[in-house]
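Asks: Residue strings, one per chain:
2 protein chains.
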Amino acid sequence: MGEGLALRWVKSHEVIIGSRDAQKGMRAAEEYLAKARAFYGDVMKGTIRGASNPDAAAQADVIVLTIPHEHAASTILSIRDRLKPCQIVVSPVVPMVKFDKDMLYSPIIEGNKVLSYAEALARELKDVPVVAAYHAISAKKLANPALVLNYDVPIAGDDEGAVKVVMELTREIRNLRPVYVGPLRSALMIEALTPLIINAAIYSKIKDASIAFVQ
Amino acid sequence: MGEGLALRWVKSHEVIIGSRDAQKGMRAAEEYLAKARAFYGDVMKGTIRGASNPDAAAQADVIVLTIPHEHAASTILSIRDRLKPCQIVVSPVVPMVKFDKDMLYSPIIEGNKVLSYAEALARELKDVPVVAAYHAISAKKLANPALVLNYDVPIAGDDEGAVKVVMELTREIRNLRPVYVGPLRSALMIEALTPLIINAAIYSKIKDASIAFVQ
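The listed protein sequences correspond, in order, to chains A and B. Note that numbering that gives the first Met the number 0 has the first sequence beginning at 0, numbered continuously upward. Note that numbering that gives the first Met the number 0 has the second sequence beginning at 0, numbered continuously upward.
Isolated chain A (complex conformation):
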């Protein structure tokens, strides 16, 4: 998903690929940049560069956590001291477990309440606004800038300004339609989409799908 967002947004933005290993981030950035140049040519306004996760997080206006849930805690630990309240953290992270063939959404349980990953993250990051988005986008299709993605993208967040920025960034990706679905607590229902889509692929061969709201 990181590759896909980089390839889509580099058309108009500076993109930084963060990695635990800065060298690895730089190599990925070079690879993505070559693909982007081949696709966009002179229309491309941005560049892609690599950095360590903490450096990438410190420099970016918007940080998208394109990491599996298993690695989220250690990544957050490595970047949280570098974040400022004027930045925006976007979480497409989904806690889920594999059962037999299928995936099961596995939200955080706190007493008699269920918490989305995005809400738990927001609590940890305190003043830095967290926006939940991009849980249900096919990483494979996103990484092909020639493909037009005709999806609805449910977005949740408490900070109006931050939500607006993420809605705009979403609209920049051709045919993606951001759909605001409420405060960050609504992230619970968005995160559940990921295992639903994975299971639809496993059991009904609907591969690399996303969702749309149909009226």
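One or more hints might be untrue.
Just so you know, same-sequence chains aren't split out, so a pair can sit in one copy or run between any two.
Pairs of lysine-lysine, DSBU-like flavour, derived with a Cα cap of 30 Å [to be verified]:
id : residue 1 : residue 2
1  : Lys206    : Lys100
2  : Lys163    : Lys204
3  : Lys206    : Lys10
4  : Lys112    : Lys10
5  : Lys125    : Lys83
6  : Lys125    : Lys112
7  : Lys125    : Lys140
8  : Lys112    : Lys100
9  : Lys100    : Lys125
10 : Lys112    : Lys97
11 : Lys100    : Lys140
12 : Lys140    : Lys204
13 : Lys163    : Lys97
14 : Lys206    : Lys140
15 : Lys100    : Lys10
16 : Lys23     : Lys139
Calculated directly from the structure, the hints in this document are not laboratory data.
Mind docking chain B on chain A? Use the hints.
Replies: For chain B alone, kept in the frame of chain A given last:
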């Protein structure tokens, strides 16, 4: 939703409207039948009749629990002794709570595990197969047989035969596409769709919507 399913299925099936008050069930059945006759005319093969919940449950091959979560426990209590393992119970029930303007999915918490309503129900009904379906269908649109519903209907269940019957019943409603998404534990992700769709309506004015998987 009960009205919509009755109006759609009466074309080929005998429909029984169960109610806590048998008289109320009969009045509803009469009203739906009049609507169905006006719409289908001679093409209609089934009828609609009313009964008390226990009597309706005892007679039906497939029982769809079109009841809000708040009334589910008392309804189940009133019908469970009348159910047999050869029947099928379909659960579109979604436990959710209202927060401020929006709805929040509120699954059952058991120790460190989250359980969908459908799984809790299956445990209570023991030998009677439970299939999770119809959580994300607009009741309003379903109740107008002239409308073609271009939705995907995620379905979860452990009993292969029961799932097959519900898939078939779903296909009988014009343009609905049943999508099997795995064993009953996948109901967790399907149930979460209802508050997601409600919140999309509240915050983004996407009214009476359902979902489709987009490839």
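Asks: Please name the hints from earlier in the document that this structure breaks, with their numbers sorted from lowest to highest.
Replies: 4, 7 and 15
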